[in-house]
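Chains as they are written, first to last, in our numbering: chain P, 1 to 742; chain W, 1 to 742.
Worth double-checking, as some hints may not be accurate.
As the list claims (entries may be wrong) - Under the rule of at most 30 angstroms between Cα atoms (straight-line distance), these lysine-lysine pairs were calculated in the DSSO-like manner:
(1) P:K23 <-> W:K23
(2) W:K304 <-> P:K667
(3) P:K175 <-> P:K23
(4) W:K379 <-> P:K667
(5) P:K304 <-> W:K667
(6) W:K96 <-> P:K23
(7) P:K96 <-> W:K667
(8) W:K183 <-> P:K23
(9) P:K108 <-> W:K96
(10) W:K304 <-> P:K304
(11) P:K379 <-> P:K470
(12) P:K727 <-> W:K304
Because the hints were derived from the structure by calculation, they are not lab data. Predicted model, so just to flag it, every value in this text is computed and none were measured.
Given next are the chains, with one letter for each unit.
Protein chains: 2
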Amino acid sequence: MSNNKMSNERAWHLSEAPFNPGKLHHSETIHAIGNGYMGVRATFEEGYPDELPSTLVHGIFDHGVGELVPELVVLPNPLSMTITVDGEPFSLTTGKILGYRMTLDMEKALLTRGILWQNSKGSIVQITFERFASLTHEHLLVSRVSVRALNGSRAIEMRASIDGSVTNSGVQHWKDLTALNLKSPNMIGLHGVTQQSGCGVAVVSSITSSTGVVPQLDSSDPIRPATVFTAQLANDEQIELVRFTAIHSTRDSADPVVAAEAALNAAYTAQPLYHALLDEHIAEWANYWHNSDVLIDGDELAQKALRFTTYHVLIAAPRHDEHVSIGAKTLSGPGYKGHVFWDTELFILPVLTLTHPRLARNLLMYRYHTLQGARNKAKEAGYEGAMYPWEATDTGEETTPRWTNPLSDGSRIRIWTGDHEQHISTDISYAILQYWRWTNDVEFFVHYGIEIVLDTAVFWGSRAEYNAEKNRYEVSLQIGPDEYHENINNSVFTNSMARWHLSAALDAFAWLSEHYAARAAELVESLHLTTERLKKWHDIIEHMYIPQDTTRGILEQFDGFFQLEPINLAYWQPRVTNIDAILGHERIQEVRAIKQADVVMLSALLPEAVGDEAALRRNWDYYYPVVDHGSSLSPAMHAWVAARLNLMTEAYDMFMHGATIDLEDNKGNVRDGIHGAAAGGLWQAAIFGFAGLHLAANGIDLDPHLPADWRSVQFRVFYQGQQRTVKLTAEAAPETEADKTL
Amino acid sequence: MSNNKMSNERAWHLSEAPFNPGKLHHSETIHAIGNGYMGVRATFEEGYPDELPSTLVHGIFDHGVGELVPELVVLPNPLSMTITVDGEPFSLTTGKILGYRMTLDMEKALLTRGILWQNSKGSIVQITFERFASLTHEHLLVSRVSVRALNGSRAIEMRASIDGSVTNSGVQHWKDLTALNLKSPNMIGLHGVTQQSGCGVAVVSSITSSTGVVPQLDSSDPIRPATVFTAQLANDEQIELVRFTAIHSTRDSADPVVAAEAALNAAYTAQPLYHALLDEHIAEWANYWHNSDVLIDGDELAQKALRFTTYHVLIAAPRHDEHVSIGAKTLSGPGYKGHVFWDTELFILPVLTLTHPRLARNLLMYRYHTLQGARNKAKEAGYEGAMYPWEATDTGEETTPRWTNPLSDGSRIRIWTGDHEQHISTDISYAILQYWRWTNDVEFFVHYGIEIVLDTAVFWGSRAEYNAEKNRYEVSLQIGPDEYHENINNSVFTNSMARWHLSAALDAFAWLSEHYAARAAELVESLHLTTERLKKWHDIIEHMYIPQDTTRGILEQFDGFFQLEPINLAYWQPRVTNIDAILGHERIQEVRAIKQADVVMLSALLPEAVGDEAALRRNWDYYYPVVDHGSSLSPAMHAWVAARLNLMTEAYDMFMHGATIDLEDNKGNVRDGIHGAAAGGLWQAAIFGFAGLHLAANGIDLDPHLPADWRSVQFRVFYQGQQRTVKLTAEAAPETEADKTL
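Extracted from the complex, chain P is given alone in its bound form (with noise of 0.2 angstroms):
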């Protein structure tokens, strides 16, 4: 009946019973699995009205006929089944509802989900449905469908079929849909090509019953092939359905539906059972999860979220392709088109750094291969070197929409952060050298990291302006993390970062030049970085203009930030909405309540930047009472400065409400997808913030601060190739151990 586990062993189960229509969207989001190549939602095998079924292939877009900018493509549904029942087919709109229980086990990337039913005639059956995208064969979802007739004798009939009626909410990215002829009852596929990308994509099942019974094909819909098992079950006997589906593309394969049908063959002489996959695939999640788990000892709830956040950052990471990025909402729902921001290098990107730094480097190569995006972007603005997108996709190209869907009075509102947003460039060099430090991969640096941190530091030297009046560089029309206020001129955040990255880039290549010398002149030579310029480097990082009140010892976010009209944010609870969406968008600007972290976020990312202790410490006070937490990215940023500062009551507070965005859907946005950077941040907060993992000038150290019922933290990170074990508890002195040698 009941399914309760042990504290320990709930923190890994994510689980919805009974079925909650009002939260179908959420439910789908957050039980999504993947595997780095896919990410299915978790719809339902027979289809609900108004669900949003998807599955999404890293780096398939198209970009659709009157849409304003790409997007990811939704698969054909490579799950779909109809259970029909003594003649009526299984919903959960028809019939009694008798018992429901989903289940993501996280620990072992598998979703189950049982249900008791009983059609309208009273027939009951058991009904089992078990999917998982194997870890180690990426073109391969797995999925079993069981059926137990219970009181009665039952006709049962399973169509499992690949649904390509599908779209991106009505926006039509396939032609040429075709079902193949695959010569085999137990085998259907379909493959299509995207309209104006022209992928080509094979989706292929291969099915078979635990009865021997021989399917029937249905080739009646040509968008929907299907196979049809039948049976007759006696009272208390079950029919099993295993089904293997492999999914191909142009992006991956020369003839994607030949590779389909390979990986197929190849899944069953490899490991000819569902029970081997599925054991193979657990151990390899045995191994992530060795890499990446953080053990919180006394905390169910905050070690729950810490999984789940991680979790949804493993199945998003791609494992062999360099050529996609993870998007805002990783593979797991629509929002922003699957595009990629900063997101990923700033919030998600050091989870990988960490704990798993081969997929680190896969992403930060994504941004090597997109370089050309970024040249074009500075060019057509009219400055030098390379401007990564703020948005992008896999060509690299900036694709932040323009304009805002029409409001309700048909109106539209200009979207600036694809013109304005532009820290982003520097956001990545940080990553990449990061990552470097972290890693000390010597041959990503040479050859690919040190070319993006040069190239856009070429473009920060065209892009400040020098005021010769105050002899200071000054950035206008920015915008900071703080969205709600735009195009405002010298952000602190984007002028603080912009200063050091032309500080670290000039160190970077005065290393370069030293130990690589052959590299650094094939640079200077392709980015032009003459004596001159670099020079001018120097005068920029002397000279940036930094708004600040001295007297108060605060940094001002931008210019006239100050002279902002005030506004008590504690009257305005218990706030859900944001404060923006509730001021409107021309009174946000005027008033001085900010979006999210950003003299925060600079804290965070360069503390030295800000000041001392006594600071960072002015600076939160200042902010912390503005910030509305408008972005998902903003709690976890609080909480890693405010455990800095040792202001653990605000520290836990912020850490649990990153923790809680996806699983209690607090803004209700969920059903568009996983919030990856608020997911990611959920990690920085706990390992750098509470555990104060950081750099240090003789490898790492620890600071740690854990909140009061923490009784230990313990988890692993990789130092220049050397795994370490660390395990703090409240008591006792930091231990770190080394573990192995990457």
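Once you've looked at the hints, dock chain W against the given chain P.
Coordinates of chain W only, in the frame set by chain P:
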């Protein structure tokens, strides 16, 4: 924004955010407040469609016209308030909810609700409600409402009323509802009399504002007296109303109106302010929790659940009235019409016997005061002595309805529990004897308790049927705890409990004769305790028939149970609907699936009646797989017995099943009220099961079996007038220490 707390604080707070209209009735029930005199569901001051508002006061029953049985009467709503913002009444169904949070602080027994609301014209206000049922002034319900203008100056009207239009879901129990003339614009009141029982009730409110505004009485609706406060608030300004409501009835006061007015005056003079009353209330709750809180270290969910269940026991327990008892659904909802079952004595009472013995005594005195009802029932059925009603109200007469409500086909099912679930008389005697052993309250036992024990023994003496052929006593036509099987013969539970009862009665009578001869003589006289009668008790004890399979060494729940058709409940998963509802009332009788702990219940109460540990285990192994947990009473008893048998996975599973019945509303029936027995049972599972606290030859002893994650458990119990603190840790030997004398 968020309201996160360290886990030890979180385990005191029950929160709902955002507003979830789909869980309205569940939320109303679980967030109920009370003080042992009244219980108030967490319905909204402003009203909501389809809400179930109810303020219930112990003992105010009325038999409605056309109804099968009497029920607790819903009082006029004493918290009703309409708040108008710029001419538009505040409602959660209009305008926009920009934020919502309701929190029950269980430590303080204080309910708060905050809403950020925008009316349809754009006016935004922050509204905060707070309420508590004073634990120190039990007739007083105290509340506070504040409204703050947020985006401009706002015209606010606050109309406080007492709503006499509420009914028991359409059944009108009131006559002569009259608004009182209280000669102050700050006071409103309503008086009414119940139709059949003739109980007079007065509800009087005194309301004052923080701004000193003089309100205007509105007498336009004769059964909804109101007073109206108006204010023009500047931006960011707030107005606060404080409201004291006194409730009196002719059950407690000669003139309820005079008493209610006096209570308000007393509240004002003795404790002039809201905060003073609140502080006093919190201090008294600190005493309650000092006695009752079970501190679990290592399992926040269990900790919170156990606080939640204990809270609901405490708010329902009458403090100053020994003529009432706690209904199966406490005072938190309409379920079972407020009737009192065995739930009180066997499930709820032990919590109080050990942690608040004076409250336990009140409940047992209720059974003493209603002994005449039990005597009437025995006589009417053709038996001697006292036979307690299966369902009881204030009168002590049997009030079990004989029929269900009409089913969909118009038919009704006969309810037999009032006729045949006769073990309740023994359950009450068991509770009395346990109370006596734990408290050594000789005064109670000699004057009251023993009379119940003996007169219900007299009943069993007349009830047991001698089978001359087999030289044994039998009890036919019974319903045991497993109510799926009705009108069976020789329930192991009932026969074993009755046998024990007669034996315990003989022992108690011997003790009384030795120590209180005069009282013994009095009872010999009044109860006709002839030598012949006592001799027959001995004979019954010796020859009571207990069905069993001596080969397998297991008890047979009742005659013929082993011959019932087997059903594999493991296949009927994940079942939520009870198996009897699935199979139907006729079919369930034929099937070997049981409703709840029956032989297992006996294993908890009288393990020696089942046998040694091996026998207990054999019976567990047989009965555990066939139990449906179709009653909320079941899981906790299973947890207790499983812990005793050191089956810790099952014990913890059952404990958490019991823990989540009301919190998660697994069966969807929490709208009808808290499952009081499940609440009390959970405490017993923790204390008698996991801690293994039990009476021993020379006092009390512990036999701990803690769940794997529980680092320690700490609690206090009274034993024979002395309070002891028990602390169990996973590693160390148990500690108990004496604290203070009662």
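Of all the hints given earlier, name the ones this structure violates by number, lowest first.
3, 4, 8, 9
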